[in-house]
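A.B. asks: Residue strings, one per chain:
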Amino acid sequence: VSVLVTTTRYRRARGVLARDTELHVVLLPTAQRRDFVLLGGGAAAIWRLLDAPLTADQIAQRFDRSSSPEDTELVGYLHDLLARGVLDLEDPP
Amino acid sequence: VTGTAADERIGHSPLARAIASSGLAGSMLEFPSAPLSHREFTALLGHVQMQRTTGLLWDAITSGRLPVAGSQTEQAEELHLRALCSTLLLEQLLLDTIAALRKAGVDVRVLKGSAAAHLDYPDPSLRTFGDIDLLVRSDQFETAVTWLTDQGYTRLYPQPRPGFDRNFSKGTSFLTPGGLEIDLHRTLAMGPYGIRLDLDRLWQGGDSFTLGGSRLRALAPESRLLHACYHVVLGDVRPRLIPLRDVAQIALGHHLDLGSLHELVRASRGQAVVAKAVRLAWQTFALADVLSISAWAAAYRTDPREAADIAVYGKGSSYASKSVAAIRSIPTTRGRASYLYALLVPTASYLEPRHSSRLARLRSGWRQTQISRGRR
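For the record, the sequence lines run as chains C and S. Following my numbering, the numbering of the first sequence begins with 8 at its first residue and continues without gaps. Following my numbering, the numbering of the second sequence begins with 12 at its first residue and continues without gaps.
There could be a bad hint or two in this list.
Sample of chain C residues at the chain S side, in silico, Cβ under 8 Å [unchecked claim]:
no., residue
1, 21
2, 24
3, 26
4, 28
5, 37
6, 43
7, 57
8, 61
Pairwise CB distance ranges, derived in the manner of DEER restraints [said to hold, decoys possible]:
no., chain 1, residue 1, chain 2, residue 2, range
9, S, 60, C, 48, 47 to 55 Å
10, S, 89, C, 52, 17 to 25 Å
11, C, 52, S, 214, 27 to 35 Å
Calculated from the structure, these hints are not laboratory results. Keep in mind that this is a model prediction, so the values were computed, not measured. Where is the CB? At the ideal position from N, CA and C, for every residue including glycine.
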């Protein structure tokens with residue numbers, strides 16, 4: 008988990024179509040032909056931050072909170088967004 | 012959502028126009044100072060849905076221009092999210108269609124909705140749309156039609172005779188099995204204005220935008236303005252607010268190359284249409300700013316021949332009246348003969364869903380043309 012948190016960078020998955028109402032973000036992951044994903048609150052904020060790839064550490068810092076592996080809420084959001092096909096992991100250099 | 016006699020001429024109430032002007036620099040339209048009643052707000056929701064201005068209603072609410080009460084914010088967002096979901100499904104179809112047409116060697120430009128959302132508005136969420144519009148070259152039109160038909164998409168209007176599509180038609184429409192609509196354009200209007208359009212100039216230059224990781228091509232802003240103007244004046248008899256907003260948005264939001272715009276408009280003999288659309292957009296949104304294009308439009312004098320051409324698209328217009336009016340815009344005698352032959356002696360597959368016989372079709376066309384003339 009610590010490797011995932013500190014070095015792996017999260018990014019918006021290719022082919023995801025998006026619209027932002029400022030309260031919610033509605034997404035359609037076209038590559039995997041999945042259903043719409045509606046994000047609000049923290050999940051929508053993560054999506055907006057990932058205009059460029061970031062590690063979980065960097066995301067946590069932007070929210071001014073701990074980046075430790077125990078930050079289960081953030082890691083939970085990220086895993087959920089990965090599972091829904093709207094985020095993926097950037098290949099390590 | 013009711014208005015005065017002056018509003019009736021424009022076709023939309025002051026409130027509907029104020030909503031559609033949300034965020035548009037220079038608009039003098041005023042919003043109500045207190046929240047609308049439940050009944051008024053429900054009527055407004057119905058109107059913005061029809062006018063495809065849910066994004067602009069949402070912008071008016073979130074910017075604080077339109078005061079709201081109770082659950083009105085939630086109702087407006089829900090309506091807008093639904094429109095955005097439809098928009099995203101259409102953009103998925105757009106990506107699939109363009110990828111496949113490119114594979115088939117067909118050059119494509121995205122028109123109207125998606126191109127306007129991504130290129131002309133500060134946020135694509137402001138501009139929703141109900142179908143996708145693509146422009147293809149005349150000599151590739153049939154390849155595109157064949158490919159779309161092979162996908163299982165249903166062509167809504169067959170061509171009257173082989174060759175009509177690539178030489179004379181505005182384009183055609185397809186329905187996907189999921190009920191989404193693709194409008195395939197060869198030119199930007201039916202009738203004389205579509206025939207006269209300088210297609211070579213229209214294809215010159217252009218902008219591009221990224222959608223789902225793919226780079227898509229659209230027309231240049233000057234051509235997008237021309238198209239929005241044609242949509243306003245030559246489309247619905249009472250133009251919707253969103254194409255009017257497109258006209259204002261493009262004119263106010265881009266540093267247009269006016270020389271290039273005037274060349275395109277002159278070559279297409281579309282001065283009266285562009286002038287009328289710009290005047291109507293300025294009037295609809297009570298725009299205070301005077302731009303070169305709005306000053307030109309205000310000063311432009313439409314001659315009787317132009318007025319007659321535009322009247323073909325007005326109240327009581329029909330496919331037949333526009334088709335008849337197009338004849339004298341076809342540049343060659345051979346072209347005119349071929350056009351008339353296709354319309355007068357269409358194939359049986361074209362006639363079948365419409366008329367019992369060729370004679371019945373001629374009678375119906377003649378009646379429609381006479382009705383249209385009588386109303387001018």
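A.B. asks: Against each hint, give a clear statement of whether it holds in the structure.
C.D. replies: Against the structure, the hints:
1. 21: holds (4 Å)
2. 24: Holds, because the Cβ-Cβ distance from residue 24 of chain C to chain S comes to roughly 5 Å (cut-off 8 Å).
3. 26: Status holds, d = 4 Å.
4. 28: holds (6 Å)
5. 37: It holds, given that the least Cβ distance between residue 37 of chain C and chain S is near 5 Å, below 8 Å.
6. 43: holds (6 Å)
7. 57: violated (14 Å)
8. 61: violated (19 Å)
9. S/60 - C/48: 47 to 55 Å: violated (27 Å)
10. S/89 - C/52: 17 to 25 Å: holds (21 Å)
11. C/52 - S/214: 27 to 35 Å: About 42 Å separates the Cβ atoms of residue 52 of chain C and residue 214 of chain S, which means 27 to 35 Å is violated.
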